[in-house]
Amino acid sequence: MSNEIRIISREDLPKWLDQMLGTFTVVAPTRQDDYTNFGVITSGNQADFDAVNTRMSPKQIFFPKTERLFGFATDRQQVKLDDTPQQITPQVLFGVRPCDARSIAMLDKVFDTDVYRDQQYVSRRKATTIVSLACKQLAPSCFCTRLGSNPADMAGSDLLIIELPEDRFAIGTLTPKGADLLTAADLPAQATAQDAQAFDKAVRIAQDTTVKPIDSDKLAAKLARIFDSAFWDRWHDRCLGCGTCTYLCPTCHCFDIADEAKNNTGQRVRNWDSCMFDLFTLHASGHNPRPSQRQHLRQRVMHKFSYTVDRYGQAFCVGCGRCVNRCPVNIDIREILDELEDYQGG
Amino acid sequence: MSSIEQELRKIAADLLSTKKVDLVIGYESGSAGIGVRPAFIRSASDADRLVYNPLCGHNLSVFLNRHKGQKVAIVLKPCDTRSIVGLIQERQIDRDLLTILAVPCEGVVDISRIEKIVPPDTIRSLAIENDELVVQTDQGPKRLPLKDLLSPGCAICKITEPVISDQVLGQSQRKPAEGDEFAEVQAFSAKSPQQRWDDFCSEMSKCITCFACRNACPACYCTTCFIDASGPKWLGKTDHLSDVQVFHITRMIHMAGRCTGCGACLRACPVGVNLHKYTGKIRSDAREFFDFEAGDDPDAKAKPPLSTYSGSDPNDFFM
Ligand code: SF4
Ligand code: SF4
Ligand code: SF4
Ligand code: SF4
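Listed in order, the protein sequences are those of chains A and B. The first sequence lines up with residues 1455 to 1800 when you count with the numbering used here. The second sequence lines up with residues 1101 to 1419 when you count with the numbering used here.
Rather than coming from a laboratory, the hints here were simulated on the basis of the structure. If a hint is listed, it holds; no wrong ones were tucked in.
Okay, derived cross-link-like pairs now, DSSO-like style, lysine-lysine, Cα gap no bigger than 30 Å in a straight line:
1) A:1580 / B:1306
2) B:1337 / A:1519
3) B:1216 / A:1519
4) A:1519 / B:1333
5) A:1590 / B:1242
6) B:1337 / A:1580
7) B:1216 / B:1242
Hey, can you work out the whole structure from these sequences and the hints?
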């Protein structure tokens, strides 16, 4: 639980961001046409604190859609590699929703392990302080509570901001990194004991839920069992294989490596990929072990609710609802989960 | 339930129970907050899942190439029948196996227009009541007149009758839209080359190259799309604006005389890239230079300009 609570008024939130701008690059939800997306702000007023979820998830801040891994140049004698790491400056990721913050903690399990440590990812993570903003209520497509989380979940955040009545916000400190950011801030109001209580109460209310969370171990075992069953016969019928669900998903992290070269210089890049694409598992021989949308969709569900549970001890879905909202043909992962729980076939 | 819906369910049940078709592709209600979605009906007892209302925007013809060799019945709006014409002319469809259930259309709702009025994170459900859309939100219901929510293509649509059909259900009450179908294109064409380029760059900078537009497009049925080809590789695989532009420019050239303006790409794009401005330009060019409009001529032998050559083809652009 948080050890220090500070209070800030709605009016002062942008001012706090302005203070940060002196030291940090600040990335916050900003309005773009009809939706919000994370973007670098140059003034605190540009941040949008009210939209529930940005269209794109914040994963691209740590795991960009295209990442240059290294450059290369060849002449007759040799190949020269240029793997000077990119300059990474300290940044604050502000106004992340708790589901997204939690997804970043999940990505850490993939990109920052003893077996594999991704240099760029880890440097960006180290250089970033995550300030989350608890949700006042679940949007219609949100289902974090089904995933055992809640709108004030603290996983992955350095600071958590919770809105209190009368346009005041309580800022809870969760990590030393968060504490540093808060200490550096020149915030007028100190929290009273009452405020601290209000913060704790808000956290408890968010946790107090009537929704029954999925039992991820049970589900993972069931999924492994019904791999070849009729359960998968119809979900994919309408799937376009467009990959929107995975590109927008904060926890999807599959990538493809490509060389982009012209004459004798070039670069190796890493691009987002998607199990919903035909090309994803196509072998050079022309054989494709997952030849149709049936297998593609099954893979997406297996990866999120079975393989990740086996490997990282947790389902890789935070219930942000992006795939639910934006799938052009309404393939709703919540329906799949509900039916999975009830499915009796073998 | 509307009479069209009733009729549709009956026809679908008949077709399936008499084994005239193996599959009926239509629309059903979507999950909470999302109006409708494509439905795949394989038994007569499921036919009552079918719905039909102004939320049925999807152009279902995109699903046909997965069911080659099967007897399929498909629900199509007047404009969607034009895609089928193109697919027949390009020999992607065996007409004898296909049953076209042509439904009338008074224009379909553009979901992004609803989201401009009602924030998407507050929409609990959508329902049609007479000529209004009832949006249930956390703050209570909101009633929006359907005529204010029409898809961009519908507002300028001149097609009120199916171009091709086997069974026609009801009749559109709508008159062909007046005014210029290509007004947006003309405004675009009137700009200076630099302005057009800036416009294109700014639109393209939104694109996340997910290629959903291609996947949703009924005319994009190539087994190996140029963007997926690796030997030779046509498209650079980075997020650099030039790669994004090469994708769109090449795809749009492939759309000349083939894009019917059905709007499937717009509906699928997760980040609201306005592709219609550019595909519209391609359509108006196909009309101007080749006197061809995709889907207009139901003759199976009509040849889209991309699949034919004539000595009199305009070739002013050759040096
Ligand atoms: S699967 Fe869907 S709901 Fe779950 S984290 Fe990914 S985008 Fe969000
Ligand atoms: S967004 Fe929907 S249609 Fe597109 S790949 Fe995902 S499930 Fe399939
Ligand atoms: S963009 Fe061109 S190559 Fe790709 S699927 Fe469409 S028509 Fe085929
Ligand atoms: S659907 Fe939209 S974002 Fe995706 S490739 Fe097409 S234009 Fe770009």
